[in-house]
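Visitor: What follows is each chain in one-letter form.
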Amino acid sequence: DSGVTQTPKHLITATGQRVTLRCSPRSGDLSVYWYQQSLDQGLQFLIQYYNGEERAKGNILERFSAQQFPDLHSELNLSSLELGDSALYFCASSVTGQHNSPLHFGNGTRLTVT
Amino acid sequence: GENVEQHPSTLSVQEGDSAVIKCTYSDSASNYFPWYKQELGKRPQLIIDIRSNVGEKKDQRIAVTLNKTAKHFSLHITETQPEDSAVYFCAPFTGGFKTIFGAGTRLFVKA
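If you're matching them up, the sequences are chains C and R in order. FYI, our numbering numbers position 3 of the first sequence as 3, with every residue one higher than the one before it. FYI, our numbering numbers position 65 of the second sequence as 65, with every residue one higher than the one before it.
If you are wondering where the hints come from, they were derived from the structure by calculation, not from laboratory data. A hint or two may mislead.
Stated by the list, open to error - The list that follows gives simulated cross-link-like pairs (lysine-lysine, DSS-like), each with its CA atoms no further than 25 Å apart:
{"no.": "1", "chain 1": "R", "residue 1": "Lys42", "chain 2": "C", "residue 2": "Lys9"}
{"no.": "2", "chain 1": "R", "residue 1": "Lys68", "chain 2": "R", "residue 2": "Lys42"}
{"no.": "3", "chain 1": "R", "residue 1": "Lys110", "chain 2": "R", "residue 2": "Lys37"}
{"no.": "4", "chain 1": "R", "residue 1": "Lys37", "chain 2": "C", "residue 2": "Lys57"}
{"no.": "5", "chain 1": "C", "residue 1": "Lys9", "chain 2": "R", "residue 2": "Lys68"}
{"no.": "6", "chain 1": "R", "residue 1": "Lys68", "chain 2": "R", "residue 2": "Lys37"}
As the list claims (entries may be wrong) - Beyond 12 Å from chain R on every Cβ pair, some chain C residues (computed):
{"no.": "7", "residue": "Thr7"}
{"no.": "8", "residue": "Ile12"}
{"no.": "9", "residue": "Thr15"}
{"no.": "10", "residue": "Thr20"}
{"no.": "11", "residue": "Ser24"}
{"no.": "12", "residue": "Gly28"}
{"no.": "13", "residue": "Pro70"}
{"no.": "14", "residue": "Asp71"}
{"no.": "15", "residue": "Glu82"}
In this text, all values refer to a predicted model and were calculated from it rather than measured experimentally. Using N, Cα and C, we set each Cβ at its ideal position, and we do this for glycine too.
Could you build the full structure based on these sequences and the hints that come with them?
Guide: Right, here's the structure in full:
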C-alpha cells in the first residue's frame, strides 16, 4: 500500500458529462501530481500542486482543471467529456515540490466515457 | 524543453537471462534518476533510484548505472524471472517542475 488514496476506482459516464476524481496524498507529502494513462500508453503528466499552489502544468486540456485543498487532498475535474478521455488517471505524491524524491502512486481511477 | 527517451520499447528475454533498459535525457542539470515498474493493471512503483553523486547502485538483482557525461542511465536486471515481466519507466528529474516519464519498456520474461 503506497498510502495514496484515489476515489473512485471506476467511473463510467457519458460524453459531455463532468466528473471529479479525488486524491489523498501520503501523510506528510506536500506535492500531488496527476497523470493520464491511456490503454497501453505511457504516463502523460497533467499537473502538479505543491502545498496548495499549482507548481507545473503538462499537456492538460482546457476542459480539465484541478486544485489542491488546505488539507492537501486534490481533485481533478474533467468536463465536456469525450470518448478519448477514457483512460486510467493516476495521482502520485511526494515529499518535496520537485521530483528529486520518489513518487508514490495511488491505484488510479479508471474512467470510461461512453 | 525536457527530452526523455527510453530504449528499447519492447524487450523479450529468456528466464535467467539479463535485461538492460536505457534512458537518455537532455538536461545536464538532472540530479535524480529513478526507475518505476508497472505490472499489468497496477500502479507504477519505484524499484530503484540513483542520485548524481554516484555512478552505480545495486539492490539484489536490480542495478542502475549512471553516465552523466553521456546523459543516460540504465536499468539492469539479472537472473530474470517471470514476475519481472512488466512495463518499466524512467523519470529523470530534469530540473524543471514537470515530471516527465519515458515512454516505457515492456519486458517479457519467457519461462
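Visitor: So, for every hint listed, does it hold in this structure?
Guide: Verification of the hints:
| no. | hint | verdict |
| --- | --- | --- |
| 1 | Lys42(R) x Lys9(C) | holds, 12 Å |
| 2 | Lys68(R) x Lys42(R) | violated, 31 Å |
| 3 | Lys110(R) x Lys37(R) | holds, 18 Å |
| 4 | Lys37(R) x Lys57(C) | holds, 24 Å |
| 5 | Lys9(C) x Lys68(R) | violated, 40 Å |
| 6 | Lys68(R) x Lys37(R) | holds, 23 Å |
| 7 | Thr7 | holds, 14 Å |
| 8 | Ile12 | holds, 17 Å |
| 9 | Thr15 | holds, 25 Å |
| 10 | Thr20 | holds, 20 Å |
| 11 | Ser24 | holds, 14 Å |
| 12 | Gly28 | holds, 16 Å |
| 13 | Pro70 | holds, 21 Å |
| 14 | Asp71 | holds, 22 Å |
| 15 | Glu82 | holds, 23 Å |
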